[in-house]
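Colleague: Here is how the chains run, residue by residue.
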Amino acid sequence: MEFLQHELLNIICYLPLVGALLIIFGINRENTKAIKAVATVTAGLDFLAAVPLWFLYKPAGPEFQFVIQGKWIPSLGIQYYFGVDGFAILLILLSTLLTFIAVYSSFTAITHRVKEYYVFLLLLGTGMLGVFMSLDFILFYVFWEVMLVPMYFLIGVWGGPRKLYAAIKFFLYTLVGSVLMLVGILALYFFNGPGLAAIGLKGLGNPATFSIPHLFTIAPQIPASLQFWVFLAFFIGFAIKVPMWPFHTWLPDAHVEAPTAGSVILAGVLLKMGTYGFVRFSLPMLPKATLKAVPWIAVLGIIAIIYGALVAMAQKDMKKLVAYSSVSHMGLIMVGLFALDPAGIRGAILQMVNHGVSTGALFLLVGLVYERRHNRMIAEYGGLAKVMPIYATFFAVMTMSSIGLPTLNGFVGEFTTLMGIFKANWVWAMFAAVGVILGAAYMLWMYQRVFFGEVTNEKNKDLKDLNLREQWTLIPLVILAFWIGLYPKPFFNRMAPSVDHILQRVERATQQPNEARQQIAAITKTTPPSAAPSQGE
Amino acid sequence: MSLSQFIPFLPEIFLAVAGFAILLAGISLGKRGARGLSLLSLGSLAVTAILIWVVGRPVEGAHTILGGMLFVDTFAVYFKLLTMTASGIVLLMSAGYLERSDYSPGEFDALILFATLGMMIMASGANLVSLYVGLELMALSQYVLVGYFKLELKSNEGAVKYFVLGALSSGVLVYGISLLYGALGTLDLGAIRAALTASDTVNWTLNLGIILVGFGMLFKVAAVPFHVWTPDAYEGAPTPVTAFISVGPKAAAFAMFLRLFLGAFHPELAQWRIVMWIAAAATVIYGNIAALTQDNVKRMLAYSSIAHAGYALIGIVAGTAMGLWSVMVYMLIYTFMNLGAFGFVIMLETRGYAGERVGDYAGLAKRHPGAAAGMLIFMLSLAGIPPTAGFMGKLYVFSSAVQAGYIWLVVIAVVMSAVSLYYYFRIVVEMYLKDGDEDEPAPLVRDRWLDAMIGLCVFVTLFLGVYPAPVVGLAQSGVHALGLG
Chain A
504 MEFLQHELLN IICYLPLVGA LLIIFGINRE NTKAIKAVAT VTAGLDFLAA
554 VPLWFLYKPA GPEFQFVIQG KWIPSLGIQY YFGVDGFAIL LILLSTLLTF
604 IAVYSSFTAI THRVKEYYVF LLLLGTGMLG VFMSLDFILF YVFWEVMLVP
654 MYFLIGVWGG PRKLYAAIKF FLYTLVGSVL MLVGILALYF FNGPGLAAIG
704 LKGLGNPATF SIPHLFTIAP QIPASLQFWV FLAFFIGFAI KVPMWPFHTW
754 LPDAHVEAPT AGSVILAGVL LKMGTYGFVR FSLPMLPKAT LKAVPWIAVL
804 GIIAIIYGAL VAMAQKDMKK LVAYSSVSHM GLIMVGLFAL DPAGIRGAIL
854 QMVNHGVSTG ALFLLVGLVY ERRHNRMIAE YGGLAKVMPI YATFFAVMTM
904 SSIGLPTLNG FVGEFTTLMG IFKANWVWAM FAAVGVILGA AYMLWMYQRV
954 FFGEVTNEKN KDLKDLNLRE QWTLIPLVIL AFWIGLYPKP FFNRMAPSVD
1004 HILQRVERAT QQPNEARQQI AAITKTTPPS AAPSQGE
Chain B
922 MSLSQFIPFL PEIFLAVAGF AILLAGISLG KRGARGLSLL SLGSLAVTAI
972 LIWVVGRPVE GAHTILGGML FVDTFAVYFK LLTMTASGIV LLMSAGYLER
1022 SDYSPGEFDA LILFATLGMM IMASGANLVS LYVGLELMAL SQYVLVGYFK
1072 LELKSNEGAV KYFVLGALSS GVLVYGISLL YGALGTLDLG AIRAALTASD
1122 TVNWTLNLGI ILVGFGMLFK VAAVPFHVWT PDAYEGAPTP VTAFISVGPK
1172 AAAFAMFLRL FLGAFHPELA QWRIVMWIAA AATVIYGNIA ALTQDNVKRM
1222 LAYSSIAHAG YALIGIVAGT AMGLWSVMVY MLIYTFMNLG AFGFVIMLET
1272 RGYAGERVGD YAGLAKRHPG AAAGMLIFML SLAGIPPTAG FMGKLYVFSS
1322 AVQAGYIWLV VIAVVMSAVS LYYYFRIVVE MYLKDGDEDE PAPLVRDRWL
1372 DAMIGLCVFV TLFLGVYPAP VVGLAQSGVH ALGLG
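Sequence lines, in order, name chains A and B.
Start counting the first sequence at 504; every next residue gets the next number (our numbering).
Start counting the second sequence at 922; every next residue gets the next number (our numbering).
Just so you know, the hints here were simulated from the structure itself, not pulled from any lab data.
On a predicted model such as this, the values are computed, not experimentally measured, just so you know.
Don't take every hint at face value.
Unchecked claim - Calculated lysine-lysine pairs in the BS3-like style (CA-CA distance at most 30 Å, straight line):
#1 B/K952 - A/K672
#2 B/K1082 - A/K823
#3 A/K539 - A/K992
#4 A/K618 - B/K1082
#5 B/K1287 - B/K1082
Said to hold, decoys possible - So the derived label-pair ranges between C-beta atoms look like this:
#6 A/V521 - B/I1199: 47 to 55 Å
#7 A/E1010 - B/A1115: 53 to 61 Å
#8 A/L707 - B/V1149: 54 to 62 Å
#9 B/L1190 - A/V802: 54 to 62 Å
#10 B/L1190 - A/T752: 37 to 45 Å
For glycine and all other residues, C-beta sits at the position ideal for the given N, C-alpha and C.
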């Protein structure tokens, strides 16, 4: 047990990789049944392996738990360093659940090149999980980029008519952002170490390390000018991933062309990586730049909220509508984060999970009807509630969850986020609230057009309702939606220490520099000894 | 000068003798015996490597031999072994290719060995004259190799362009050397470094000499604006030759480049750095942009190799110990990933110039999943996506430049390396995303030696991507040889 607990993160991260290797080398490509079975079992086991994190994580304990630390590339001080806090645990659980659902929901949707499909889906799982676990910047970056490759293939091979364009656009967009992020990482690294000679920036002279907990501790010493440039580099990387307006143009293409499972993962997990990056790195490591950036990001976020909602309203394609709704929802999350208020950040983090649940489910639902009709146009449908009552019920629950009806998850998240935004700036809150209202409008309008009225289209007369497997892909998400809606306390409890740490670190930046040093000493006591390298001067 | 001075030079002497022997054997064999001669050449490289280990290694510290003509140091050993490995892989890759062609293998193998000998001297030269002799030996062998398919127009065209421009650049290089001699009165690298360290006045004859030598070197590594020969030479040359000139001679040229600019000319860093900065930026930008529109895979890889020379130049701009060893690591990683990619092109070339167009790769993943997966790894590595070695190489080089404060140069390089993904992935798109039902893809050559060599490159590319520490350790041990440590 001891061993299992110590290696827990390794097991969770690499289990999908093992499954993928098993499929590549162990199973003939004709034997699709075995491939599906192995993929489903691996993804399911991976979720079960992640569940103990929820119970074993101690909110009162050290900031990062389940730590695995070792040397990797000593010449640059790069470590193999895994560890999670409450915030990461929520996203890890979400990722493993959505990976399982993505695998389980693809049985009938994917009929050609089945072997490669499940291999890429599982590899994607390993990449995503590594991102949320890494506490070494280079390790983080490796997983961050590794994940692009399987996603590229999922869109490019099994996607819609414009798949080639969408796939390479997705890849190039995110790659440009992430390589600039790498430059920012290197600048921080050398500032911590010997400094950047030619531009006259003296370093702190600490031992070379990419350790993220260590970089938290030097944050107050980073001069504002360096913070600005590094923030900008990180911002481009994360904002493209979120995606924030005006970097969002890859998203509708990628979503519309991707196969259903790809869209579910893309919306459910990949977009969260951008916001995860802001929460994990930008806020606590670059607090001075963060404070300066708040109004800019709030404005961009508000534009995204309103713009995303308005564009979604004008869509004729259901999938595109859901895709643009993501732009709007992610905008709200960004404004909530940069309100720099405990409620705002908590709400935003919960909203990340909520968005994964409800948008993931909506993509699944759109995919299910697309599988039957090979058409996603709203105008093609009408009166579906009569033909497919179970489907209509699931769709209704998820629509309500997306627009934030009380008793469902969206309400708790949006309400808390808006509360935080309101405390920071009531004007922002007003605009954000308009976005929420618009969200209700376009979702309900779509629901009305698709499900109510008479069945006008002959082709829809004998559509089959959801079978048991299809229902089971949705039931976990419905349960989760109700759980968060009715009893969100365990979620808030687990993220609370992370949010407190972030806000402490941001606030510290505004205080006197000589006080900052004492604060670092206080912080290092709350982190495990291994995570707090020596304080050089 | 006692005879014992020749002992560390035994590997080179042996290789020269072996080259002539294989040349003679080749003449008597005619067009037969490609595989036997390849093995024989590989054997002589192996013996040379053993000799280097036994007598050619700096057991009691770095020193010079033959009247200060050659260094015996870890830096030289690193690059000698690297270029010999590249030659060995090319020899095994080309055996089947030569068998299928109408040309005799003897001269081919001998020329590869002679070029290797030149590269070894470039790696260890301690005097501008010995460096130049090594460079010319390598270059002359290459000119002939590029034109090896003497009945093919493209091959001839490439050879002539390469020769004329190569001769011109050698002239520039020699002119630079003469200016250096005029200004300092010595050709010995150690003496040049000492003289440059001692003087604190700006000497324009000297600086012009350094710049002209720099231009010569930029030509040899195919950096912009001295790159125009590259696409034609790469396209026209028989593919194994293209594979060879894109890695071995480039690595050797970088060895000489490092030896000169981070060794002898290092005291004048502030004078020449701006030139290298501009060359590096222009090379990275131009190489990557020009590669975007290429439909011929060999031309595309030619521009890609220009771009990679640009990345390596960034380490020279950094001018630090880390810059030095990062370039050494980069050249090793680049050697394996580029050889692997060219090995794949050879695989597709059943005869003549077939299988060179991007469209010839359509639907390969379906028919040959293993081969396509290998090519995917090389493309990812060339684009610098982890967990492949290409990422680690770039990480080191870019780190060294950020540390030296050249952040804008790194920004240019990383953005351009993101751009490079587009053209590398054109091949991936063809292989994986196109069905290739309409146009039949070129059939693959089944050649065990070629498969084995590509497999080796895949292994190294992945292994160094996950665990680069051993190679870094080797390269770092070479740093002290140049006095940067």
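Colleague: All hints are to be evaluated individually against the structure, with a verdict given for each.
Modeller: Hints versus structure:
With a CA separation close to 50 Å, the supplied pair B/K952 and A/K672 exceeds the 30 Å bound. Distance restraint check for B/K1082 and A/K823: the Cα-Cα separation of roughly 54 Å exceeds the 30 Å cut-off, and the hinted pair is therefore not satisfied. A threshold of 30 Å between alpha carbons decides the hint, and for A/K539 with A/K992 the separation of about 36 Å lies outside it, so the pair is violated. Distance restraint check for A/K618 and B/K1082: the Cα-Cα separation of roughly 48 Å exceeds the 30 Å cut-off, and the hinted pair is therefore not satisfied.
Restraint check for B/K1287 and B/K1082: the C-alpha separation of about 39 Å exceeds 30 Å, so the hint is violated. The hinted window of 47 to 55 Å between A/V521 and B/I1199 holds, with their beta carbons roughly 49 Å apart. The supplied range of 53 to 61 Å is met by A/E1010 and B/A1115, whose beta-carbon atoms lie about 57 Å from each other. In this structure the hint that A/L707 and B/V1149 lie 54 to 62 Å apart at CB is violated, the actual value being about 47 Å.
Range check, B/L1190 to A/V802: about 46 Å between beta-carbon atoms, so the 54 to 62 Å window is missed. For B/L1190 and A/T752, the Cβ-Cβ distance of about 44 Å falls inside the hinted range of 37 to 45 Å, so the restraint holds.
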